[in-house]
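Take the sequences, apply the hints, and build the full model.
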Amino acid sequence: MVANHMDAIVQMYPELPFHKVLGFEILKTVPDMARVHLPFKSDLVSSGNAYHGGVIASLMDLTGALAAWSGHDPQKGTRAATVSFTVQYLAAARGEDIIAEARATGRAKELIFCDVSVRTKETDRLIAIGNLVYRTG
88 MVANHMDAIV
98 QMYPELPFHK
108 VLGFEILKTV
118 PDMARVHLPF
128 KSDLVSSGNA
138 YHGGVIASLM
148 DLTGALAAWS
158 GHDPQKGTRA
168 ATVSFTVQYL
178 AAARGEDIIA
188 EARATGRAKE
198 LIFCDVSVRT
208 KETDRLIAIG
218 NLVYRTG
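Residue numbers for the sequence shown follow my numbering, beginning at 88 and rising by one.
Note that these hints are calculated values from the structure, not bench results. Incorrect hints may appear among the rest.
Stated by the list, open to error - Straight-line Cα separation of at most 30 Å, BS3-like style, residue types lysine-lysine; simulated pairs: (1) K128 - K208; (2) K196 - K128; (3) K208 - K163; (4) K208 - K115; (5) K115 - K163; (6) K107 - K208; (7) K115 - K196; (8) K128 - K115; (9) K128 - K107.
Right, dumping it as structure tokens:
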């Protein structure tokens, strides 16, 4: 039996069709923070054995959404959407697992503001940073 809404999200999230394609693993969710691991998959790269930028952006978006949900009161609604998302790519993730970490930095009536970063698992190299605005209600 599911103990709370976050348990339900953690169970359901990896089972969404697009999320299955990515094949990520949720490492941690606590109020206003989430950490997600993406094992290296050669079918998600572009040139030079580097993860495609869309894969990195998708990982950042889903991790930011998890951080937003992790501190959300479900009594205020369960519909949600990404309102805006910016990303700065800093380095390539070549043949390595990556880990995204997101923190909710502010909450308004319906908007949640999150900072997200992606690093390589093995070398801890910063790959990308971004900001996400998420709407719940």
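inquiry  = Which constraints among the numbered hints does this structure fail? Numbers only, ascending.
reply    = 2 and 3
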